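Construct all of the structure, not just a fragment, from the sequences and the given hints.
One line per chain: the protein sequences are A and B, in this order. Take the first sequence: its position 121, counted from the start at 1, is 121 in the numbering used here, and no numbers get skipped. Take the second sequence: its position 47, counted from the start at 1, is 47 in the numbering used here, and no numbers get skipped.
Some hints could be false.
Covered by chain B, according to a simulated footprint, are these stretches of chain A (three or more residues, beta-carbon under 8 Å) [said to hold, decoys possible]:
#, segment
1, 164-171
2, 244-251
Going by beta-carbon spacing under 8 Å, a handful of chain B positions derived as facing chain A [what the hints assert, rightly or not]:
#, residue
3, Asp177
4, Asp179
5, Ala245
With a straight-line Cα cutoff of 30 Å, these simulated DSSO-like cross-link-like pairs (lysine-lysine) come out [unchecked claim]:
#, chain 1, residue 1, chain 2, residue 2
6, A, Lys269, B, Lys78
7, B, Lys254, A, Lys261
8, A, Lys261, B, Lys283
9, B, Lys32, A, Lys269
10, B, Lys254, A, Lys256
11, B, Lys283, A, Lys256
Bear in mind the hints are in silico, worked out from the structure with no lab data behind them. Please read all numbers here as calculations on a predicted model, not as lab measurements. Built from N, CA and C at the ideal position, the CB exists for glycine as well.
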Amino acid sequence: MIEVSNLTFQYPHQDQPVLQGLSLTIPTGQWLAVVGKNGSGKSTLARLIAGLLPTPAQTIRVNDLPVDEAHLAALHHQIGFVFQNPDNQFVGATVEADVAFGLENRQVPAAAMEPRIEQALAQVGMTAYRHHQPEQLSGGQKQRVAIAGALALQPQILILDEATSMLDPQGRQTVLQRLQQIHQAQALTIISITHDPVEVAMADQVAVLDQGQILRLATPAVVLNDQALVQQVGLVQPFSMQLRDRLQHYGVPVPKEYLTKGALEQWLKRQLATRA
Amino acid sequence: MVEAAVSYQGVTFRYHEAGAAALQDFTATVPKGRLTAVIGHTGSGKSTLMQLTDGLLTPTAGQLEVLGQVITPRTKNKALHQLHRQVGFVFQFPEHQLFAETVLADVMFGPLNLGQTPAQAKQAAHQALVQLGVGEALWQRSPFELSGGQQRRVAIAGVLAMRPQLLILDEPTAGVDPDGQRELLALVERLKGQGLTILLITHQMEQVAQLADTVLVLAHGQLQFSGQPRALFAQPEFLTTQQLALPAAVAFAKQLQTAGISQFNQLPLTLDELAHALARQLKGDHHEQ
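Here it is, written out as structure tokens:
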């Protein structure tokens, strides 16, 4: 469980806090999507949870460990963090060496490393590239490797900071589905900072950040159905919601509630059957 | 028949004499004043094709004609200077190449390099920045202080300031947030409306469906398809073999047909076309069937 209580944080060179009295509880095994415009404080929150910035005393606990200097090593054993820009975190000379880097840091025995590297690369679909050098990879492929590097460490908490932004839509879908399987099978807690409606829809809960505070904490269905909120925080609506609204524009009386693609298909089926 | 801005005639390119061809006997045309989408996976040869088009590479065999200039294996680099002036190439993540002290200086760099006077370069930069919606308040700021989306627009302004006749955009919306993506796509629409010839490399099939007049599909250095988006997306088996996705609206329409829920005379290509066709059916207008 991650507990954030009354967290205020200000960068030294800025004149106002980026996070203001924010409180949030993330139960173990939850997938939380964090959304909000650039500058809303979402990346800062993620970094503070992972202890990557000086976390104000007694504001964050991760599995009962206070996030502070004294507990950093223990925390980093539990948390895997993937940044948006894969160039800033690619350290190995090859894909395989890059994934191995974190394991070597943890002093994982050589015999145990190989299967973990193999599994992590398979999970992100990069097995065929294991001997490639970073400059031979596209941005999306580097992001896959960065995710593999975090998964190989078998963290209890995985934090993704726009970590799939450079993947093409199918690639993103595949990687997210793999993450969902791991999330469900191993009760992996995921915090994903994202603008992607597909990624938001996969989460259990969505935290909407605005000006350093939580504007809304609700299920994806509630958040994605709120058109004003979706626009305010710079998200795009999922396809099914866009189609529903466009049908309404053409004079079709449509349901008001959130519809997945499947639910919209079933609704169309019933409507068209009564017309036939 | 529309005039061709670029025509490729049996173009082959090898990076190493003995190596595999990055591009193999490639023949296609890019119509003038239209938007041509280029799609293909990493390693399909699309980057090589764009570098040939910009005159950064010359073919190993065959020839191409870009904006009236013929490029053959014997063409000297010197002869390609004029071409570099006419082709604007916006690379992937172009903001990584920003370097100047101010936004304005960065955008002026290209026009100055073309030999324009500082006054001319400044005017060209102003116009491009306005076109990209980069507010005057930012012009004297360091480009590195800007957000990612703003940096992307400054980098594109730097290319447009050179007033290219042919614009190559390599994944212009990759890694940009949704608001930024909408703005960039609106810009591409505007440039297209102004009659600029555009080559758009993209992975996003929605962009192909919405924006492209013509599509070129590449795989393993060879042309797999050349034609209109509607014709491409009407071939699901072909797309599967190419590992390409359908645009969301086409995929949903096909799903409705397969499930026997709805039938379409012509598969809708965009969300708007799909909603329109469904609305007619739902309102009992059966002409669609």
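Here is how each hint holds up against the structure:
| no. | hint | result |
| --- | --- | --- |
| 1 | 164-171 | holds (count 5) |
| 2 | 244-251 | holds (count 5) |
| 3 | Asp177 | holds, 5 Å |
| 4 | Asp179 | holds, 5 Å |
| 5 | Ala245 | holds, 5 Å |
| 6 | A/Lys269 with B/Lys78 | violated, 64 Å |
| 7 | B/Lys254 with A/Lys261 | holds, 13 Å |
| 8 | A/Lys261 with B/Lys283 | holds, 21 Å |
| 9 | B/Lys32 with A/Lys269 | violated, 44 Å |
| 10 | B/Lys254 with A/Lys256 | holds, 25 Å |
| 11 | B/Lys283 with A/Lys256 | holds, 18 Å |
When each numbered hint is compared with the structure, violations occur for hints 6, 9.
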